[in-house]
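A.B. asks: Chain by chain, the residues run as shown.
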Amino acid sequence: MKTQAVLELRKSINSIEGYKNNCANNNGNLPTGAQNFDKALFGGIALGKITELRPDAYLSELSMLGFAIALAGALLQKRAGDLVIVNDAYFTQEWGEIYAAGLQGFGILPHRILIINPQSREHFHSCMREAASTNGLGAVLGMVCAKNGFDLVSAQKLQFAASQGGAPCFLTSAYRAQGFCAAHLRLKISPRPSRLPDWAQNIAPAALAPLGAPRWGIDIEKSRQGSIGNFELEFSDETYNLCEPPVLANRSDELQIWPKTA
Amino acid sequence: MGLAMGQSLTHARALFPDIKAIETQEKADEQDLTKLAHWMIRYSPHCAPYIFGAKYSILLDITGCEHLFGGEARLIADILQSLANFGISARIACAPNKGSAWALAFYDKRAKNGLSISAGELSQIDSLPIEALRMNSKINDNLHALGLNKIGALAQIAPNALVRRFGPQVLQALNRTRGREAEAISPVREIIPNKITHPILHAILTQEGLEPAMQIAVKKLCQLLASKSQGAKTMRLCFYRVDGVVFEIKASASLANNKPEIWFMLLKERLEIAADKMDLGFGVDLICAEAPLALNLQVQVVDLDPLSAAAIQSAEAVHRLAERLSARIGAKNIIRLKPQENWVPEQSQTKTSALDNEDENASIPEFIAKRRPPFLLKRPESIKAIAEVPDGPPRQFLFRSLSFKVKNFKGPERIIEPLLGKNPNAEMPLNSHKIRDYYQVETQNGARFFLFRAGFYGGETAPKWYVHGGG
Numbered sequence: 001m002k003t004q005a006v007l008e009l010r011k012s013i014n015s016i017e018g019y020k021n022n023c024a025n026n027n028g029n030l031p032t033g034a035q036n037f038d039k040a041l042f043g044g045i046a047l048g049k050i051t052e053l054r055p056d057a058y059l060s061e062l063s064m065l066g067f068a069i070a071l072a073g074a075l076l077q078k079r080a081g082d083l084v085i086v087n088d089a090y091f092t093q094e095w096g097e098i099y100a101a102g103l104q105g106f107g108i109l110p111h112r113i114l115i116i117n118p119q120s121r122e123h124f125h126s127c128m129r130e131a132a133s134t135n136g137l138g139a140v141l142g143m144v145c146a147k148n149g150f151d152l153v154s155a156q157k158l159q160f161a162a163s164q165g166g167a168p169c170f171l172t173s174a175y176r177a178q179g180f181c182a183a184h185l186r187l188k189i190s191p192r193p194s195r196l197p198d199w200a201q202n203i204a205p206a207a208l209a210p211l212g213a214p215r216w217g218i219d220i221e222k223s224r225q226g227s228i229g230n231f232e233l234e235f236s237d238e239t240y241n242l243c244e245p246p247v248l249a250n251r252s253d254e255l256q257i258w259p260k261t262a
Numbered sequence: 001m002g003l004a005m006g007q008s009l010t011h012a013r014a015l016f017p018d019i020k021a022i023e024t025q026e027k028a029d030e031q032d033l034t035k036l037a038h039w040m041i042r043y044s045p046h047c048a049p050y051i052f053g054a055k056y057s058i059l060l061d062i063t064g065c066e067h068l069f070g071g072e073a074r075l076i077a078d079i080l081q082s083l084a085n086f087g088i089s090a091r092i093a094c095a096p097n098k099g100s101a102w103a104l105a106f107y108d109k110r111a112k113n114g115l116s117i118s119a120g121e122l123s124q125i126d127s128l129p130i131e132a133l134r135m136n137s138k139i140n141d142n143l144h145a146l147g148l149n150k151i152g153a154l155a156q157i158a159p160n161a162l163v164r165r166f167g168p169q170v171l172q173a174l175n176r177t178r179g180r181e182a183e184a185i186s187p188v189r190e191i192i193p194n195k196i197t198h199p200i201l202h203a204i205l206t207q208e209g210l211e212p213a214m215q216i217a218v219k220k221l222c223q224l225l226a227s228k229s230q231g232a233k234t235m236r237l238c239f240y241r242v243d244g245v246v247f248e249i250k251a252s253a254s255l256a257n258n259k260p261e262i263w264f265m266l267l268k269e270r271l272e273i274a275a276d277k278m279d280l281g282f283g284v285d286l287i288c289a290e291a292p293l294a295l296n297l298q299v300q301v302v303d304l305d306p307l308s309a310a311a312i313q314s315a316e317a318v319h320r321l322a323e324r325l326s327a328r329i330g331a332k333n334i335i336r337l338k339p340q341e342n343w344v345p346e347q348s349q350t351k352t353s354a355l356d357n358e359d360e361n362a363s364i365p366e367f368i369a370k371r372r373p374p375f376l377l378k379r380p381e382s383i384k385a386i387a388e389v390p391d392g393p394p395r396q397f398l399f400r401s402l403s404f405k406v407k408n409f410k411g412p413e414r415i416i417e418p419l420l421g422k423n424p425n426a427e428m429p430l431n432s433h434k435i436r437d438y439y440q441v442e443t444q445n446g447a448r449f450f451l452f453r454a455g456f457y458g459g460e461t462a463p464k465w466y467v468h469g470g471g
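If you read the sequences in order, they're chains R and P. Start counting the first sequence at 1; every next residue gets the next number (my numbering). Start counting the second sequence at 1; every next residue gets the next number (my numbering).
No wet-lab data here; the hints were simulated from the structure. There could be a bad hint or two in this list.
[Claimed, not checked] 25 Å max Cα-Cα, derived PhoX-like pairs, lysine-lysine: (1) R/Lys78 x P/Lys338; (2) P/Lys27 x P/Lys277; (3) P/Lys378 x R/Lys147; (4) P/Lys35 x P/Lys112; (5) P/Lys259 x P/Lys195; (6) R/Lys78 x P/Lys370; (7) P/Lys268 x R/Lys157; (8) P/Lys220 x P/Lys195; (9) P/Lys332 x P/Lys259; (10) R/Lys147 x R/Lys11; (11) P/Lys351 x P/Lys410; (12) P/Lys109 x P/Lys195; (13) P/Lys220 x P/Lys250; (14) P/Lys407 x R/Lys188; (15) P/Lys405 x R/Lys188; (16) P/Lys55 x P/Lys109; (17) P/Lys332 x P/Lys370; (18) P/Lys332 x P/Lys351; (19) P/Lys332 x R/Lys147; (20) P/Lys332 x P/Lys277; (21) P/Lys112 x P/Lys150.
With the rest of the complex left out, here is chain R (with noise of 0.2 Å):
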């Protein structure tokens, strides 16, 4: 009778928060390739939810900034339809423009991207509702700085809009941004050094060392539907997906025990 009544109540929080009957999701989950990152979210980035993307520090904005196009980018390989980019003039001056080539290099092409400059708080907000809500696009990406920021009303109707429109929502936040309080999943993202590709691992110390694949350690800092942890995710170019690094291990004591030959 008891969870009966708990379950009863949790379904009215939900309506209230914008959700839909019940916690599990209605519009579905999009893996991004990480296995366990995807299995830690239930499935994968939930479609018609808002997932924050938080950086650690001011420098980390960029990086935070590279994984958000990265994800949409592993998203996108899976899903029809166009990334929607709601600019914010904060990060152009900071970080710079989007620049269609660099964004070819994790698999979005120049004509799957439609760019929205705002020139103001209420037309951030607008322009981020209209998209969210709008249904058949890849992913909606917008960027938030401390002016632009939700407070708790204007961040349940946008949850509300992304739950009809059933697009993955991407909110990448300013360092000094207020966060998003109806997020359904929120990520801090910082920068980690990449790995050292295979054909260069013996280049002396040191030498400057060649470019490996881009990688970013990944805190699941609110999750409504999965569980919280720490993840270090790489970009693959060639399959445009996000993956795990694998684990170096030291096979030494491995090798003795080999039989020897006679």
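We have chain R; now place chain P onto it with these hints.
C.D. replies: Quick look at chain P alone, frame taken from chain R:
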């Protein structure tokens, strides 16, 4: 009274000491005349303001329009009444050609109450003075000196004698007035074939009231377009205020269409934005809806494959989103990126409005795409760097007062002068340098930057390092 055009102010004051002198504002007068001409488009699209000397007029080609107002006489009466309501006392003449109509309007006394003559009655202009021929004052003086004061007197002289004596202008002016030489009217606004007018019986005073009328006008225009199998790419609504002011709103679509609900939504959005600037005054009594850019609609094949159908639906959704948002925040703020064949990073893409879709799926060569960052600074930021000489990658650099040690790098990608000089960008301070060596670097903590060195170590000037992007 003794006052006349061209008289000096001293002379006028000698006649009337209490005369009040006000300086003429020709530009303002011209602007007002143009505004009035815009309002007069309601009578005919071939409408143009015309100024000759100090005589201000509006030319209307009413061929085929008069029956819409119940005949020529009613049309003239309607125009006179409307202008009288604005406080303008106008003279109207309706004639088979521009020259004779102008001459009658200014020099025939009957024009005060509106005058209309047919081709057979064109000889009436013979009794008008030669000023009605629109020639310069010097020629007029010469003709007066010879006693040729009326058009009729001039018309009796043989054409070759007229040319020999007074030059070709006189014959041309005479022919134009008598309808022997055609004279075009250049309309104040382009003539749009896809246009409907929606007259409103009782003038509308509020924006809420305007919306249903607007909906009907849009529906009428969409029906017109549908009957021609055309779709509008842009649509314009003109609201005619009863006191002669015209407002217009315009919306553009990403895909040409003739769906009234879509156009109404876009135009309503524009109306809400323009509402602050629009003063409906004494009300709006006419709405004109026009489609300046209409295209033939292509038949859309319905795909039975669910994936293809989803792709079509998705493309349509993006177009609709772009239309809605451009109506709200302006088309220039909704952009798509178009790759350009250029090695210089900042010149390798252009921004186009999302509404100008050309269905070009251009992509960038893979080997270039893998060398470029996802974010590119508008203007490269100068940094201090320690690097291997003469042309090695940076080991350490100072960016925004923070020191970074480089761990990994990729490059250099050298971009040399001919390419930079080909399309110089005035905003970039770097084009004076001869080369750029681009490096993608990763710092010890994993942050990635797109750096370049302009120039070489050991050259005439020291090289400079810049951050150009990252991510």
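A.B. asks: For which of the previously enumerated hints does the structure constitute a violation, in increasing order of number?
C.D. replies: 10, 11, 12 and 17
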